[in-house]
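A.B. asks: Residue-level listing of the chains:
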Amino acid sequence: MTLPQNIKSHFPIFTHHPGLLYFDNAATTQRPQVVIEAIEKFYKEENANIHRGVYPLSARASQAYERVRAQVANFIGAANSKDVAFTSGTTDSINRVASGYLKKQLEEGDNIIISALAHHANLIPWQMLAEEKKAELRVISVDAQGNVDLNELLKKLDRRSRLLAITSISNSIGTLNPVAEMIDLAHRKGVPVLVDGAQSTGLYPLNVRTLGADFYTFSAHKMFGPFGVGVLYVRPRYQDQIKPIHFGGGMIKRVQFSKTEFLDFPKNQEAGTPNVAGVIGLGAAISFCEKLDQVQCAKHLKSLAAYAKEAFASIDGLHLVGQPKDYGGIVSFTMDQVHPHDLAQFLGEEGIAVRAGHHCTQPLLESMGLAATTRASFSIYNSTAEIDQMLEALKAIKKFWE
Amino acid sequence: MNPRLKNLYKEVILMHNAKPFHFQKMENEEGMIEANNPLCGDRFQFFLQEENGRITAAHFHGFGCAISKASASILTQKLEGKTRLEAQSLCAGFLGFIEGENREAISDQEIEAFAAVDEFPARKDCAILGWKAINDYLSK
Chain A
1 MTLPQNIKSH FPIFTHHPGL LYFDNAATTQ RPQVVIEAIE KFYKEENANI HRGVYPLSAR
61 ASQAYERVRA QVANFIGAAN SKDVAFTSGT TDSINRVASG YLKKQLEEGD NIIISALAHH
121 ANLIPWQMLA EEKKAELRVI SVDAQGNVDL NELLKKLDRR SRLLAITSIS NSIGTLNPVA
181 EMIDLAHRKG VPVLVDGAQS TGLYPLNVRT LGADFYTFSA HKMFGPFGVG VLYVRPRYQD
241 QIKPIHFGGG MIKRVQFSKT EFLDFPKNQE AGTPNVAGVI GLGAAISFCE KLDQVQCAKH
301 LKSLAAYAKE AFASIDGLHL VGQPKDYGGI VSFTMDQVHP HDLAQFLGEE GIAVRAGHHC
361 TQPLLESMGL AATTRASFSI YNSTAEIDQM LEALKAIKKF WE
Chain B
1 MNPRLKNLYK EVILMHNAKP FHFQKMENEE GMIEANNPLC GDRFQFFLQE ENGRITAAHF
61 HGFGCAISKA SASILTQKLE GKTRLEAQSL CAGFLGFIEG ENREAISDQE IEAFAAVDEF
121 PARKDCAILG WKAINDYLSK
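Protein chains in written order, with our numbering: chain A, 1 to 402; chain B, 1 to 140.
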């Protein structure tokens, strides 16, 4: 199956902005009609708080919420819906692993390994923890093209390594990492692995069990779902080791004034009223993704990126940032004489939405001698014809700034 | 170029961006003032030489968009020769101008050039990057 021809028509934003070329999908994707409708329908027809209500409306909301948990588990290849906790997003998920799991494991002199491609969300929680515990944060560097060096990973792994935290696709320069191989190397040394799947989940084939991920995190809003909802998958063997970091209602077995017993994972991660409508929206987004062929989606994104790279690089004075061997639908570049912000402003006026800045990967760009890039990131509704339009705009911009 | 953009990227801004005033790194590290925008990574350093409460020379260096660079250039140029008090009132005036205050009171072409950021609220931070840092420094 190829991508549906009329895919754009599923996304109301393009009806409201017919000329919009939306190339900021790494920041957030657009939402299809079915997701918007599911959220609206919940608030209009099904709204009630979950868990504690016995009346029909609450019981149905609880069922719907738990159905999405099962749907997520099935979609990512988890064995059981109990392996999946709802969070507010990837950042929240990673912080939970840092503070709820690793904090108790980490001792002075231990080390945590990340890669230079890490988004700040998959860097700072580990940096803070390492600082607090007098542990070492080891960073696998990338080569000039933006590839992770597996030999370096192998060298950095030792018996004091307590976690490897990696990213599926670099949000900044597009590198598609050999996650399965990296996990395998870590597991051979007995080191658990967290995968930041924010940039790949939904449009790339995924099975957390065959992948071997011990912790897998992603956000709904980067896969056509709503803002404010994310997922933390924890492999069964680590579930009793990840403690709650937020406390409140909905997560307890028994509360006394002197002590509290908590529910098991994943319920112990969901203190307070969760984003029920958001979870319902995530369910609709997954249903939408289930109708897509992830192998085709991944191919489509890579071919768009390849097309854009070749087109943009034909402009004299335009430099691609990162030329990784394997990559997702993300292209980062700089243009001589034009600051990325000015470039993005000019593109914006042409109805072309791109992002300029460090993309929350400041140390990576600094290591490449850069402070900022312009980034175009693609999704299923983008086309080569749109990239042609951007190419013309880039040529005009270059002419103006010369 | 569309009129909105033309209004933002005025000739005077493009000129200062292309040929910024006293754009060079200086030795006097202790007198260095950092201005950085954590959102985008833009960063300038200002170097002020002061004698008897007067700024005798100003230089700047760093990386930033056309708006922030031009505004830093104009700032650097205007700082030279001013007393601390005059410089402070200059910065406060510019920061107020960007927020839409006392627009009539300003009759300086180089400052007025930045009025178009009204239409581009995301670029306000670019316009004030250097001015805010110098203002903070002088208020200390």
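The hints are simulated quantities; they were obtained by calculation from the structure and are not laboratory data.
A few of these clues could be false.
[Said to hold, decoys possible] So the derived list for chain B, only partly shown, Cβ under 10 Å to chain A, looks like this: (1) Arg4; (2) Val12; (3) Leu14; (4) Met15; (5) Ala18; (6) Phe21; (7) Phe23; (8) Gly41; (9) Asp42; (10) Ala66; (11) Ala115; (12) Phe120; (13) Pro121; (14) Arg123; (15) Lys124.
[What the hints assert, rightly or not] No farther apart than 20 Å at their CA atoms in a straight line, the calculated lysine to any residue pairs in the SDA-like style are these: (16) Lys398/A x Glu11/B; (17) Lys6/B x Tyr238/A; (18) Lys10/B x Tyr238/A; (19) Lys6/B x Cys289/A; (20) Lys10/B x Lys267/A; (21) Lys124/B x Gly348/A; (22) Lys398/A x Lys10/B; (23) Lys299/A x Ala18/B; (24) Lys6/B x Ile397/A; (25) Lys19/B x Lys103/A; (26) Lys399/A x Leu14/B; (27) Lys399/A x Glu101/B; (28) Lys399/A x Lys124/B; (29) Lys19/B x Glu402/A; (30) Lys103/A x Tyr238/A; (31) Lys399/A x Glu11/B; (32) Lys8/A x Pro3/B; (33) Lys267/A x Arg52/A; (34) Lys398/A x Lys124/B; (35) Lys398/A x Asn52/B.
[To be verified] Covered by chain B, per the in silico footprint, the following chain A stretches (three or more residues, Cβ under 8 Å): (36) 342-351; (37) 361-371.
Keep in mind that this is a model prediction, so the values were computed, not measured.
Glycine included, C-beta positions come from ideal geometry on N, C-alpha and C.
A.B. asks: Decide, hint by hint, whether the structure agrees.
C.D. replies: Verification of the supplied hints:
1. Arg4: With a minimum Cβ separation of about 6 Å from chain A (threshold 10 Å), the hint on arginine 4/B holds.
2. Val12: 15 Å, violated
3. Leu14: OK, holds: leucine 14/B within 10 Å of chain A, min 9 Å.
4. Met15: It is violated, given that the least Cβ distance between methionine 15/B and chain A is near 13 Å, above 10 Å.
5. Ala18: With a minimum Cβ separation of about 9 Å from chain A (threshold 10 Å), the hint on alanine 18/B holds.
6. Phe21: 18 Å, violated
7. Phe23: This interface hint is violated because 14 Å lies over the 10 Å limit.
8. Gly41: Check passed: Cβ of glycine 41/B comes within 4 Å of chain A, closer than 10 Å.
9. Asp42: The hint holds - aspartate 42/B has a Cβ within 10 Å of chain A, the shortest such distance being about 7 Å.
10. Ala66: Cβ of alanine 66/B sits 5 Å from chain A, so the hint holds.
11. Ala115: Because about 16 Å separates alanine 115/B from the closest Cβ in chain A, which is outside the 10 Å limit, the hint is violated.
12. Phe120: With Cβ-Cβ at 7 Å, under 10 Å, it holds.
13. Pro121: 12 Å, violated
14. Arg123: Nearest chain A Cβ about 7 Å off; hint holds.
15. Lys124: 13 Å, violated
16. Lys398/A x Glu11/B: Given that 20 Å is the threshold and the Cα spacing comes to 17 Å, the pair holds.
17. Lys6/B x Tyr238/A: Judged against 20 Å, a Cα distance of about 58 Å means the pair is violated.
18. Lys10/B x Tyr238/A: Violated, because 59 Å separates the two Cα atoms, which is more than 20 Å.
19. Lys6/B x Cys289/A: Given pair lysine 6/B, cysteine 289/A is violated - Cα atoms ~42 Å apart, limit 20 Å.
20. Lys10/B x Lys267/A: Roughly 57 Å between the alpha carbons, so the hint for lysine 10/B and lysine 267/A is violated.
21. Lys124/B x Gly348/A: 16 Å, holds
22. Lys398/A x Lys10/B: It holds: about 17 Å lies between the C-alpha atoms, which stays within 20 Å.
23. Lys299/A x Ala18/B: The hint is violated at about 42 Å.
24. Lys6/B x Ile397/A: 13 Å, holds
25. Lys19/B x Lys103/A: 52 Å, violated
26. Lys399/A x Leu14/B: Distance ~14 Å between lysine 399/A and leucine 14/B Cα, so the pair holds.
27. Lys399/A x Glu101/B: 36 Å, violated
28. Lys399/A x Lys124/B: Violated, at roughly 26 Å.
29. Lys19/B x Glu402/A: 13 Å, holds
30. Lys103/A x Tyr238/A: 14 Å, holds
31. Lys399/A x Glu11/B: 16 Å, holds
32. Lys8/A x Pro3/B: 30 Å, violated
33. Lys267/A x Arg52/A: Roughly 14 Å between the alpha carbons, so the hint for lysine 267/A and arginine 52/A holds.
34. Lys398/A x Lys124/B: With Cα atoms ~24 Å apart, lysine 398/A and lysine 124/B exceed 20 Å; violated.
35. Lys398/A x Asn52/B: 46 Å, violated
36. 342-351: holds (count 4)
37. 361-371: It holds, with 3 qualifying residues against the three required.
Against the hints set out earlier in the document, violations occur for numbers 2, 4, 6, 7, 11, 13, 15, 17, 18, 19, 20, 23, 25, 27, 28, 32, 34 and 35.
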